[in-house]
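J.: To convert, note that position 132 of the sequence shown is 223 in the numbering used here; the numbers rise steadily by one, no gaps.
Don't read these hints as lab results, they were simulated from the structure. Heads up, the beta-carbon is just placed ideally off N, CA and C, and yes, glycines get one too. Please note that a few of the clues may not be correct.
Listed below are the simulated SDA-like cross-link pairs for lysine to any residue, each with C-alpha atoms no more than 20 Å apart in a straight line [as the list claims (entries may be wrong)]:
| id | residue 1 | residue 2 |
| --- | --- | --- |
| 1 | Lys186 | Phe355 |
| 2 | Lys193 | Val142 |
| 3 | Lys186 | Gly156 |
| 4 | Lys193 | Val224 |
| 5 | Lys186 | Asp245 |
| 6 | Lys193 | Gly230 |
| 7 | Lys186 | Gly259 |
| 8 | Lys186 | His247 |
| 9 | Lys186 | Gln175 |
| 10 | Lys193 | Glu325 |
| 11 | Lys186 | Thr326 |
| 12 | Lys186 | Ala335 |
| 13 | Lys193 | Glu314 |
| 14 | Lys186 | His223 |
| 15 | Lys193 | Val207 |
| 16 | Lys186 | Cys170 |
| 17 | Lys193 | Phe344 |
| 18 | Lys186 | Thr237 |
| 19 | Lys193 | Asp354 |
| 20 | Lys186 | Ala161 |
| 21 | Lys186 | His139 |
| 22 | Lys186 | Glu356 |
| 23 | Lys193 | Arg217 |
| 24 | Lys186 | Gly246 |
| 25 | Lys186 | Leu130 |
Computed spacing ranges between beta-carbons, pair by pair [as the list claims (entries may be wrong)]:
| id | residue 1 | residue 2 | range |
| --- | --- | --- | --- |
| 26 | His247 | Pro154 | 36 to 42 Å |
| 27 | Asp245 | Arg195 | 47 to 53 Å |
| 28 | His253 | Leu345 | 31 to 37 Å |
| 29 | Gly126 | Trp307 | 43 to 49 Å |
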Amino acid sequence: MSDQSPSSLKRSELAPNLLAGRELQNEIRTGARLGEFWLAYQPILDMHGEVWGAEALMRWAHPMGAQSPALFVPAMEQCELIHQLGAWTLTEACKQAHAWRKTRPDFRLNVNVSPVQLRDAAFIDRVMDALHVSGLLPGALSLEITENVLIGHDGHVIERLHHLASLGIGLYMDDFGTGFSSIGNLRHLPFTGIKIDRSFVHNLSQDPRGQAVMRWVVGLGRELGLDLIAEGVETHEDARIVVARGVAKLQGFLYSEGLSAVDFERQF
Numbered sequence: 092m093s094d095q096s097p098s099s100l101k102r103s104e105l106a107p108n109l110l111a112g113r114e115l116q117n118e119i120r121t122g123a124r125l126g127e128f129w130l131a132y133q134p135i136l137d138m139h140g141e142v143w144g145a146e147a148l149m150r151w152a153h154p155m156g157a158q159s160p161a162l163f164v165p166a167m168e169q170c171e172l173i174h175q176l177g178a179w180t181l182t183e184a185c186k187q188a189h190a191w192r193k194t195r196p197d198f199r200l201n202v203n204v205s206p207v208q209l210r211d212a213a214f215i216d217r218v219m220d221a222l223h224v225s226g227l228l229p230g231a232l233s234l235e236i237t238e239n240v241l242i243g244h245d246g247h248v249i250e251r252l253h254h255l256a257s258l259g260i261g262l263y264m265d266d267f268g269t270g271f272s273s274i275g276n277l278r279h280l281p282f283t284g285i286k287i288d289r290s291f292v293h294n295l296s297q298d299p300r301g302q303a304v305m306r307w308v309v310g311l312g313r314e315l316g317l318d319l320i321a322e323g324v325e326t327h328e329d330a331r332i333v334v335a336r337g338v339a340k341l342q343g344f345l346y347s348e349g350l351s352a353v354d355f356e357r358q359f
């Protein structure tokens, strides 16, 4: 075992998954300064296999290898780097979507939003700045929000959601079905769609109960007038069942992982 402290090692010798707290946060700051963060785009397809849009995903190309968002996003949230890098994500993704809409006029962009971002009083301004700088129309952007955002029923967060909806920006409840308050939130908040969690999609062909749940979710979505996206689609059979149940949009490794903008253009 090395007796060197983390501060005495070169960055290329530091694996971020071995760091924690301020050391990891400092590593993220360095990565941001050096331009190591980039955006991947995972396509969202309609039932006919045509590209409807894409979800923008933040990635970290660290010298020690690609790092999981499950590692770096919580660290960003703890030191509020999420505001800086979240704003960068929005702006860069909106620029790319605006460019793609020149040849795909109906292309839609989905971007994940952290609970910490939504609790920030300046969040609406950051979204508007991204749209203004990029030229992307508000109606071409949707924000994906998990139920964690709504824990505590923060009045300011709810007000911001209504403000975003009034601007024409779409709001999707992400990972639908994994929390206890999903239905209540759909009733009272201005969501335009839901993303059905991969746990309800995986191995549907072998899971009659899962198919029953899928029918229920689709029926609920229809009654509430919500758009439906099934995430985590990995097999042709699961895709067939999902479409047969009435889900019009699909996302998952069956079609593609997250791709660089260049690779996205080549493949789609």
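J.: Can you confirm whether the C-alpha distance between Lys186 and Gly156 stays at or below 20 Å?
T.: Cα-Cα ~27 Å, so violated.
J.: Mind checking the alpha carbons of Lys193 and Asp354 for me, to see if they're no more than 20 Å apart?
T.: Holds - the C-alpha atoms of Asp354 and Lys193 are around 18 Å apart, at most 20 Å.
J.: Starting from the hint 47 to 53 Å, judge whether the C-beta atoms of Asp245 and Arg195 obey it.
T.: Taking Cβ atoms as reference, Asp245 and Arg195 lie about 36 Å apart, which means the hint is violated.
J.: Are Lys186 and Ala161 close enough, with their CA atoms no more than 20 Å apart?
T.: violated, 25 Å
J.: Assess, step by step, whether the Cα of Lys193 is no farther than 20 Å from the Cα of Arg217, and give holds or violated.
T.: Between Lys193 and Arg217 the Cα gap is close to 24 Å, so the pair fails against 20 Å, i.e. violated.
J.: Next pair to validate is Lys186 with Ala335; report whether the Cα-Cα distance is within 20 Å.
T.: Not satisfied, since the Cα-Cα distance of roughly 35 Å exceeds 20 Å.
J.: Would you check the hint for Lys186 and Asp245, treating anything up to 20 Å between C-alpha atoms as holding?
T.: violated, 31 Å
J.: Hinted pair, alpha-carbon criterion (20 Å max): Lys186, His247. Please report holds or violated.
T.: At roughly 28 Å apart (the allowed maximum being 20 Å), His247 and Lys186 break the hint.
J.: Just to be careful, I want the Cα atoms of Lys193 and Phe344 compared with a cutoff of 20 Å; is the pair within it?
T.: violated, 27 Å
J.: Check the hint pairing Lys186 with Glu356 against an upper bound of 20 Å on the C-alpha distance.
T.: With Cα atoms ~15 Å apart, Lys186 and Glu356 stay inside 20 Å; holds.
J.: Would you check the hint for Lys193 and Val224, treating anything up to 20 Å between C-alpha atoms as holding?
T.: Roughly 16 Å between the alpha carbons, so the hint for Lys193 and Val224 holds.
J.: Does the alpha-carbon distance linking Lys186 and Thr326 stay inside the 20 Å limit?
T.: Measuring from Cα to Cα gives roughly 32 Å; hence the hint is violated.
Hints 3, 5, 8, 10, 11, 12, 13, 15, 16, 17, 18, 20, 21, 23, 24 and 27 from the earlier list are contradicted by this structure; the remaining hints agree with it.
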